[in-house]
Amino acid sequence: MPSCPKSTPPLTPAEAQAALGMVALQLLAVVDRLGQIYNRLPEPADLADRQEGRKPYDVATDVLATIECVLNDNLQPAVEALRRSAQVTDAELQRDYREWLKRNPL
Amino acid sequence: MRAKTEADMEESRSLGLALLLLRRSRGLTINQLSAASGSSVSNISCYESGKQMPRLDKLARLLGAMELPIDAVYRAQRLVDQATGRGAPREDFAPSRQDALKLAQEAGKAVAHVVLAFMELQAGGWEDGRRGE
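For the record, the sequence lines run as chains A and B.
Here the first sequence is numbered in the numbering used here, starting from 1 and rising by one per residue.
Here the second sequence is numbered in the numbering used here, starting from 1 and rising by one per residue.
To be clear, the hints were calculated from the coordinates, so they are not data collected in a lab.
A hint or two may mislead.
The calculated lysine to any residue pairs, modelled on SDA-like cross-linking and capped at a C-alpha distance of 20 Å, are [unchecked claim]: (1) B:Lys-58 to B:Gln-32; (2) A:Lys-102 to A:Asp-90; (3) B:Lys-51 to A:Arg-54; (4) B:Lys-4 to A:Ala-78; (5) B:Lys-51 to A:Asp-90; (6) B:Lys-58 to A:Asn-72.
Just chain A, same shape as in the assembly (with noise of 0.2 Å):
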């Protein structure tokens, strides 16, 4: 995990859960530049032969698959992980944790 320095205050959940929701709107911010630079970028004529593997990757294919790859696989998913995480409160998570015995008893 990040270090922290010791003199940090601790947070309140409630406190922790703002500061996700902020950290998620910042992520979004992210996710509208990536898109911006990947509708600016023309693709490469061969851009088939190269996701195939007929070709290597140019730095325009590879530019784009890896903002492609991130969006869909890392920001997209964390965007949404960080949201529910801010938004949840303890009697949905009890909620959810009775539903989740009730389909798996332990």
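With chain A held as given, fit chain B onto it using these hints.
Relative to the frame of chain A, chain B by itself:
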């Protein structure tokens, strides 16, 4: 947080190669696999080139679209690792065609296709005296 190590990248590369060989063994283009699995072409290309490790749910969908069980990719990866010397010395991977067919019967047809496809990618393939019968 743990930084991505060289070992992680090796793992991504060998899993990616296993995925690529499985797809080719099924006669699918990357576009066809994309349409069948719901993953984008760029994502599949990233996985196959080892630039990104697929999440388990995405891996399951890709293998489902190829009508393969999820462990097929790990079996294929083990073969790739042996063949490339990652899992064992390269000289240890010298199956004859007969051995590969026996392996196929034991491990399933898809894995045999992977072995055969991999050997075709190697210079000399089955005709190479070191690996051939």
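Status of each hint after checking the structure:
no.: 1; hint: B:Lys-58 to B:Gln-32; result: holds (16 Å)
no.: 2; hint: A:Lys-102 to A:Asp-90; result: holds (18 Å)
no.: 3; hint: B:Lys-51 to A:Arg-54; result: holds (16 Å)
no.: 4; hint: B:Lys-4 to A:Ala-78; result: holds (18 Å)
no.: 5; hint: B:Lys-51 to A:Asp-90; result: violated (39 Å)
no.: 6; hint: B:Lys-58 to A:Asn-72; result: holds (11 Å)
Figure legend: structure checked against the earlier numbered hints; the only hint not met is number 5.
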